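*Asks:* Each chain, letter by letter, is given below.
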Amino acid sequence: MTSHSVHSAPTMKMGIPVPNAKLGMWLFLGTEIMFFTAFIGSYIVVRVGAGSLWPGPEDTHINVFWGGLNTFVLIVSSFFVVLAHAAMGDRRYADARKWLWLTMLLAVVFLGIKGIEYTGKFSHDILPGHIPETPTQAIAKLDRELEAVVRERLAVYTDNDVVSVDRPSDLASLVPQLQAFQQGGSPADSDMDEETAAEYRAQVEGDLRLYERWKNLHEHRVANASLTALPVAEISAYRSARNALVEGDRIPELKLGEVHEYLEDMKADESFGAAVADGVHDPHPVLYGNLFASCYFLMTGFHAIHVIVGMILFGLALSQGPLLNERWVDWVENSGLYWHFVDLVWIFLFPLLYIAA
Amino acid sequence: MSHNDTHHVNYLIVFLALCLFTALSVVFDLLSFDNHAVTVVLVMAVAVAKALCVMMFFMHLKFEGNWKFILLVPTTILAIGLPLALMPDIGMSYYTPMTPQMTAWEKEMAAWRAESGHGSGHGDSGGSHAAGGEQHGSGGSH
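So the sequence lines, in the order shown, correspond to chains A and B.
Heads up, the first sequence is in my numbering, so the first residue is 1059 and it goes up one at a time.
Heads up, the second sequence is in my numbering, so the first residue is 67 and it goes up one at a time.
Heads up, some of the hints might be wrong.
[To be verified] With a straight-line cut-off of 25 Å between C-alpha atoms, the simulated DSS-like cross-links for lysine-lysine are:
id : chain 1 : residue 1 : chain 2 : residue 2
1  : A       : K1273     : A       : K1199
2  : A       : K1313     : B       : K128
3  : A       : K1273     : A       : K1313
4  : A       : K1080     : B       : K128
5  : B       : K134      : A       : K1080
6  : A       : K1325     : A       : K1179
7  : A       : K1273     : A       : K1325
8  : A       : K1199     : B       : K173
Because the hints were derived from the structure by calculation, they are not lab data.
Quick caveat: nothing in here was measured; it's all calculated off a predicted structure.
All chains should be modelled from the sequences, with the hints used to inform the complete structure.
*Replies:* In structure tokens form, the structure reads like this:
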């Protein structure tokens, strides 16, 4: 080649002075910042927009203790990752493996605490789309949940051939058959012995009473008529009450307070009270509760997925066992960068979700 | 290029600082200032301090070349810009009490609060909701 360019200028080097692997990881982390910004930024916007109307800890069951503990767990794990990387640099590979194992352990602890929190959210039905935001919605949800309890109780009779209906969900034909059975009718399964039939007959009374209580509430809800003002919710009673109205008067509307008392009364019943208490959530409206639940699960869920990915990265290094050597230094360093980023996200999620809420 | 040898960070001190910051944000929460915004500003400031500790020392950004700014400044600007861009249309206008759903909600909640002799706990939170609605009204009218 020509000689004039060989020694004169310093060699031109493409790119920036950083190893390719680390550059790749930092570029990826740049996109990750934007990924979480979409969620965290949107959350900040709706949170600011809702102002003091945002649901409080008594409705969201957010617990600063668990969030703070998880913050601590992740900080300790980040510290261990740094120690693992330092050990790799010093060729102390056994030490590095020890710190990485401890990091894995803390990741499991983090996910375990997250699991406890999620279990609480599920058992209280703090889930997107499940939370009533007005008294009307709270009553409607109670109606639905009560109906589910009724259907579950009555399914015992169709499943065991005490009564026979074409569609078990068809309460209009199921209930008359149950009433006939209660008054001494024979079970649909002719092979059933007398003792078993007597047992079913003894419990059918309570279940039919449960059905009547639910049906009463349901009809009041559909008619939006107060339970106390119109004790019997037969449509005819409702119509005549409506016809008797003087102009300007109105049928008292169904109120959440009386529904609440109605529910407490049902829970006290000795034959079906426990099933009702088990299957029905305390009905009260939480404005923006669904928005909270969506934000909470979106942010903590994607963060938990990142924790799992980090565990896979460390797990691959640890799968080398005693063979972990200098060829894995970059791997541990870049997995560590990723892990610190996961820690960073939580550092912001903790105050935003657990304290600002 | 020699980013592997010269800097000696005492990681233990960084770690203890991070623990201290975490405890501090819990303390700020427990103090429960009259104005909740004070708590939020304080704990967010603590979060930024913790993030800086992690990024500078654990992620070694303090010892990296200027390429870190090329990579991180654009994404940081975009990350701050997104909420700011959404704030006027969503955060400051969407929840004004003039919208039909808020009017309907206020009406229904007022009727609920007017009921007597039930849910005293909810009655309290309902009261704060009403106050929030009023604050909101003054905020929205600017």
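*Asks:* None of the hints should be skipped; say for each whether it holds.
*Replies:* A quick look at each hint next to the structure:
Of the pairs offered as hints, the one joining A:K1273 and A:K1199 holds, with about 14 Å between alpha carbons and a cut-off of 25 Å not exceeded. The suggested pairing of A:K1313 with B:K128 is violated, with an alpha-carbon distance near 62 Å, which exceeds 25 Å. With a C-alpha separation of about 17 Å, the suggested pair A:K1273 and A:K1313 falls inside the 25 Å cut-off, and the hint holds. For the suggested pair A:K1080 and B:K128, the alpha carbons sit about 15 Å apart, so the restraint of at most 25 Å is met.
With a C-alpha separation of about 11 Å, the suggested pairing of B:K134 with A:K1080 holds against the 25 Å cut-off. Distance hint between A:K1325 and A:K1179 is fulfilled; the C-alpha atoms sit about 23 Å from each other, no more than 25 Å. Annotation: proposed proximity of A:K1273 to A:K1325 holds, straight-line Cα distance about 16 Å (limit 25 Å). At roughly 20 Å between alpha-carbon atoms, A:K1199 and B:K173 fall within 25 Å of each other, so this suggested pair holds.
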